[in-house]
Amino acid sequence: MSRSDVLVDAEWVEARIGAPGTVIVEVDEDTSAYDKGHIPSAIKIDWKQDLQDPVRRDFVDKVGFETLLSERGISNDDTVVLYGGNNNWFAAYAYWYFKLYGHQDVLLLDGGRKKWELDSRELSTDVPARAKTSYTASEQDAALRAKRDEVVDAIGKQNLVDVRSPDEFSGRLLAPAHLPQEQAQRGGHIPTAKNVPWSKAANEDGTFKSDEELSALYKEQAGVDFGKDTIAYCRIGERSAHTWFALHELLGLPNVKNYDGSWTEYGSLVGVPIELGEGK
Amino acid sequence: MSNDSCGAPAGGVTITKDKAGKEAIIEGQVLRGGAPVASGYARLLGSGDEFVAEVPLGDDGGFRFFAAPGEWVLRVLAPGNVRLEQEVTADIGQVTKVEFLV
Numbered sequence: 030m031s032r033s034d035v036l037v038d039a040e041w042v043e044a045r046i047g048a049p050g051t052v053i054v055e056v057d058e059d060t061s062a063y064d065k066g067h068i069p070s071a072i073k074i075d076w077k078q079d080l081q082d083p084v085r086r087d088f089v090d091k092v093g094f095e096t097l098l099s100e101r102g103i104s105n106d107d108t109v110v111l112y113g114g115n116n117n118w119f120a121a122y123a124y125w126y127f128k129l130y131g132h133q134d135v136l137l138l139d140g141g142r143k144k145w146e147l148d149s150r151e152l153s154t155d156v157p158a159r160a161k162t163s164y165t166a167s168e169q170d171a172a173l174r175a176k177r178d179e180v181v182d183a184i185g186k187q188n189l190v191d192v193r194s195p196d197e198f199s200g201r202l203l204a205p206a207h208l209p210q211e212q213a214q215r216g217g218h219i220p221t222a223k224n225v226p227w228s229k230a231a232n233e234d235g236t237f238k239s240d241e242e243l244s245a246l247y248k249e250q251a252g253v254d255f256g257k258d259t260i261a262y263c264r265i266g267e268r269s270a271h272t273w274f275a276l277h278e279l280l281g282l283p284n285v286k287n288y289d290g291s292w293t294e295y296g297s298l299v300g301v302p303i304e305l306g307e308g309k
Numbered sequence: 034m035s036n037d038s039c040g041a042p043a044g045g046v047t048i049t050k051d052k053a054g055k056e057a058i059i060e061g062q063v064l065r066g067g068a069p070v071a072s073g074y075a076r077l078l079g080s081g082d083e084f085v086a087e088v089p090l091g092d093d094g095g096f097r098f099f100a101a102p103g104e105w106v107l108r109v110l111a112p113g114n115v116r117l118e119q120e121v122t123a124d125i126g127q128v129t130k131v132e133f134l135v
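Note that the protein sequences, when read in sequence, are chains A and B.
Using this note's numbering, the letters of the first sequence map in sequence onto residues 30 to 309.
Using this note's numbering, the letters of the second sequence map in sequence onto residues 34 to 135.
Be aware that one or more of the hints could be misleading.
To be verified - Here are the simulated BS3-like cross-link-like pairs (lysine-lysine), alpha carbons at most 30 Å apart as the crow flies: (1) Lys-186/A x Lys-223/A; (2) Lys-161/A x Lys-176/A; (3) Lys-77/A x Lys-91/A; (4) Lys-73/A x Lys-186/A; (5) Lys-65/A x Lys-55/B; (6) Lys-130/B x Lys-65/A; (7) Lys-55/B x Lys-77/A.
Just so you know, the hints here were simulated from the structure itself, not pulled from any lab data.
In this text, all values refer to a predicted model and were calculated from it rather than measured experimentally.
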C-alpha cells in the first residue's frame, strides 16, 4: 500500500466533487462547522451522535453502522473521502472505524478542513440529497482495536504509544489545553509507553509529514520498535486514530491497534499501574 | 460541549465571564480593521515550538485555552498566509487576555 492509496490532496478532491461513486464526508464532533460551510457535495457524520452508542460507552454495532451508511446514501463499493476539523482527528477516527467495519475504499483528505480553509478553497452550505442504499458491514476487525485487558498485558511487551501532549503524558494536565482540566480519572500514563504527541506527525497546516519524517520520528527519535506489535492511545481514541493512520496506513506497520478506551478508561481502572512524569 | 471528547470547539470552551477558578486560562480575539477574523486557527505552543493545542477561531474571532501555568507562545493562522504570534504567561486563577491585529 502506498501513501496515495490512503491519502489524497485538495486538488484530487476538487476534481471529484459530485463524481458518481465518490462520497465526500465531513466528520466532526461539532458539526456546526459543516453547517456554516463544507466542501461542495460533502455529507456529514457526527462523531458522537452517529458513531457512538447512545447508552453504553461503545461504537454503534454492525447493524447500526449499516443503518447509518444506508441512510446517508453510501454503498459498499463507493469511494469514501473523509475530512474534518481538529487536524483530521475525527476523520482519522472515522477512517479507522470504516476499516473496522470492513469498508475497503476509504481515503483521507490530507490537511482536512483546516488546510482547505487556509487555502481559501470553496465551501458550500448546500446539503446534498443522496438516495438511500442497502449497506452491508463486516464484523468488527479485532486486529485493529485494542481492549483494556490487552493493553494491560502489553505493558513491557509491545510498543505503547501515548500520543497526548507531554503535559497530559506526565500527569500535569488531564485533558488537552483547549479543554477544562477537572476530570475524574487519575493523571499519568501507562508504564513503558513512549510519548509521541500526535502533533509531531502533522505539519502546521494539518497535512501529514513525509514517510521519511514519520519513520524517523517514531523509530529513531522515540525508539518505537517496528518489529513489535503496537498499541496507540490518547484520551478517548481520536488523536490516537490519527497516529494509527500514520503508523498502519502510511508507514505500513502490520500490527497496530488503536485503544479507543484510552486514558479516560485506563486512568479510571482500579489497580492498574500508572507512571508519572517524563517517559523512561 | 461535553468533556467526553477532545474536540476543540470554535472559539474555545465557554466559561463564566472572567472566572478562571482553578484553571490557567488564555483567551483572546483576532481582528482585522476592527472586525473579527472568524476563519482561522489559534495554536498554543510550548518551549521549542512544541505544539500543545489548537482551536478554530469563533465567529467573534475569539479563542480560549486551559493551559498549565507558565510561559507560552500563541500563534494565529488565517487564510492569506496570515501567521502572527505573541508570548504570553498563564497563571492559575487568572484569565490572560491577548489581542491579535491582522
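Do the hints match the structure? See the list:
1. Lys-186/A x Lys-223/A: holds (13 Å)
2. Lys-161/A x Lys-176/A: violated (34 Å)
3. Lys-77/A x Lys-91/A: Holds, at roughly 16 Å.
4. Lys-73/A x Lys-186/A: With Cα atoms ~39 Å apart, Lys-73/A and Lys-186/A exceed 30 Å; violated.
5. Lys-65/A x Lys-55/B: Violated. Lys-65/A to Lys-55/B sits at ~34 Å, over the 30 Å cutoff.
6. Lys-130/B x Lys-65/A: Holds. Lys-130/B to Lys-65/A sits at ~27 Å (cutoff 30 Å).
7. Lys-55/B x Lys-77/A: holds (28 Å)
In summary, the structure is inconsistent with hints 2, 4 and 5 from the numbered list given earlier, while agreeing with the others.
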